[in-house]
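*Asks:* What follows is each chain in one-letter form.
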Amino acid sequence: MNISYLTLKEISHHKLQFLLGLLAVTTAVTTVVAVMFAMRAFDLQTEKIVAEQEEKVTKEMNRLENEMRKITKGLGFNIYIFPEGQNLNEVYAEGYASKTMPESYVTKLAKSDIVTVNHLLPSLTEKIEWKEHKRTIMLIGIRGEIPMMFGAPKKPLINPVKEGGAILGYELHNSLSLKQGDTITIKDRQFTIQGCNKKRGNIDDISIWINLSDAQEMLNKKDKINAILALECNCSSVDRLAEIRQELTAILPGTTIIEKESKALARAEAREQAKRTAIKQIKSIKQHRSVMKNEKNKISNTTTTLIVILAMGFIAYLTFMNVKERVSEIGILLAVGNSTPTILVLFMARAVIMGISGAVVGIVTLIGFYYIFVDKIFAGVLLTDLFDYREVALLLIAAPLLTCAAAWLPAFSASQKDPAAVLRHK
Amino acid sequence: MSVVIKDLTKTFSTTDGVVTAVENINFEIQPGEFVGVHGPSGCGKSTLLLMLGSLLKPTTGSVEINGVDLYSLNNRQRTNFRADNIGFIFQEFHLIPYLNIHANIMLPSVAKAVQGADERATELAEKFNLSARISHVPSTLSVGEKQRVAMARALFLSPKLLLADEPTGNLDQENSHIILDHFKQFADDGGIVIMVTHDAFALKAVARTIAL
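In the order they appear, the protein sequences are chains L and U.
Using my numbering, the first residue of the first sequence is number 1, and each one after it goes up by one.
Using my numbering, the first residue of the second sequence is number 427, and each one after it goes up by one.
One chain only, chain L, in its complex shape (with noise of 0.2 Å):
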C-alpha cells in the first residue's frame, strides 16, 4: 500500500468534495483558456482585416499607378517653364510671370533632343487696362506652336493668331456682343476677332490672345517671352515632373518649372490621396483594434484572475474540511508511523490529481465550448489556429501548481497537527 493507493481510495469516497474541487479548477482552466482563445482569435481577425485591407490598397495603387501612367503617356501632362528668378507666388496671385526670358530659348528648346516633350508654345502675358472698355484683361500674345527638331513631327496642337487678329475668352464677347469679324481696339490699336472662345470658367474668360509680335510691340518687350507652355509631356515614371525638370533645365539653366493642371495631375493627386487615405484608414483600424484589444485584456484579465483566485480560495476552503474530517485518520497514520512530510503528500497528491484532472476536463470543455460558440466568441478562426500546444502544456503545469498553492496551507496544517493531540481528544 502507498500513497497513491491511500489518495485514490480517498477521493473515490469523497466523491463531492473532489468534484466540486474538480469543478473549480475546470471552471478556471476553462476561463483562462477562453480567454486565451478569444484574445488570439480578435488578432488573428483583426491581422486578416489589415491583410485584406492591405491588399485591397495595393491593388488600387497598381490599378491607379497602371490608369496614370497610360493616361499619361496617352494624353500627356502640360508644363509651364518660366524665367530665371521669377517668383512663383506672384505667378499664382497675377496670372502671369513678371520676369521674361528670350524669345530664342523656346527655339533653343526645339532645336534640343529631349524626348520628353510634345509641343512648345512660347507667350508673353500681361494683365492691361482695356481702357476702350474699361475693363481689366489679360492680354497673352503667342505665337503658334514651335515645332520640336528632334523626332517625327507633329501636328499643332495649337494653331497660331494671325497678326492684327485676337481671339476673345467668352466673358470678353459676350458682355461686349462681339462676333467673329468685328473689329475691337486694344491700346490704340485695331485687331479683327478671328474667334470667340466658349465659356471655361477661368482666367481664359476675361483673356485676349493677339500674335506674339503684336504683343511685344504693344508691351515694349521686343523678343521677350514670359512663358513657354509645353504641352503633352511624356515620361514613363510616376514622378514624371522631376524626370522633365531634370531634361530641361539642363538645356535652360535656372528656369521655373510648375505643371500645369492636368487630367494626369488630377488622377496622380487622387491616386496619391486614395493612398494616403487608405493608409489613415489602415492606421485607424490597427488603432481601433488596438484600443479594443487593450479594453479586452483589461476585462479579461480582471475576471480571469478574478475567478482564479476564486477557485484557489474554494479550493483551500475544500482541503481545510477535507483536513478536519480526516483528522482522525492523520493520527493513527502519525501513530503507525508515518511521517509528517507524509501526510502532507497525501494532502498534496490530491490536490496534483485534482489539477491535472481539471486543467484537462477544463481544455476538453473549451474545445466543446469553441465547437458551440465558434462563430460568435471566436471569429470562425480555425481552433488548430487558436490552439497552441505549449500555451496548454504549460497549463497542465500551471493549474496543478496553483491548486497545490491553494491546498498547500490547510495540508500542511494537517501535516504539522500533534498526533497526542489529535488521539487523546478523540
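Don't take each hint at face value.
When the alpha-carbon atoms are kept at most 25 Å apart in a straight line, the in silico SDA-like pairs for lysine to any residue are as follows [unchecked claim]:
1) L:Lys-417 with U:Arg-559
2) L:Lys-280 with L:Asn-62
3) U:Lys-538 with L:Leu-8
4) L:Lys-15 with U:Glu-454
5) L:Lys-275 with L:Ser-4
6) U:Lys-586 with L:Met-1
7) L:Lys-417 with U:Thr-566
8) U:Lys-538 with L:Ala-421
9) U:Lys-586 with U:Thr-566
10) L:Lys-108 with L:Asn-62
11) L:Lys-9 with U:Thr-566
12) L:Lys-417 with U:Glu-454
By construction, these hints were calculated from the structure, which means they are not laboratory data.
For this one, chain L is given, so just place chain U on it according to the hints.
*Replies:* Okay, now just chain U, sitting in the frame of chain L:
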C-alpha cells in the same frame, strides 16, 4: 525488549495555568508482561500511554524501550522506531472509513514497506476471525469487529510492544474477552502489552497493575 520509565512527568500549560497530567512515574516492564494501568478519569493514563508510544514528549524523565531513550532520538528516528516496535490500539478504533478491512489492516505498510503485505493482512484477518468481512468497509462492522481490525492493524508490523488505550471501553463482555485473550497471547509470545483502562473486567485479565 523491556520498558523502563524513569521520573516521568508531563505538564500542560493552559489558560488556567500549568496542569500536571503525569507526575514522577517510575516503573519497569519485562518481556512477556501484560500490564494494566488504571486510575480515575483525568489521572493521566492516556497521556502516559502516548509518552510510552513516543507520540508525546515528557516534560521531564525518560522512556527507555529496549535500552533506547525514545526522546533522545530525532523525529525521523522516533517515527521509524515506532513503526518497527510499537503497536497502538485505541478505544475509538481510528479505522480509515474509505478502506476495506484488508486495507485497514495493512495500513502500517504505508510507513514501512513489507514483503507479502497482502498475505500478512489476510493471515491477520483469519486470526481475528474477520475473513468473511475482509472486503467490507468499517461502517458495516460491529464494534467488536472494528476493535479486532484495529488489533490486527496494530500487529501488522509485528511490534514488540502493544499499547492499548481503553481497548474494551466500547465492547461488550464477549468481545472484550476476545480482545483480552489476544493480548494475553501476545504477551505469552514474548511481547509486552500495556493497557490503560478503568474497566474492572479488563483489569482481571492482566498479570500486573500500575495504579496512577
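*Asks:* Could you work out which earlier hints the structure fails to respect and list their numbers in ascending sequence?
*Replies:* Numbers 1, 4, 5, 7, 9, 10, 12, in rising order.
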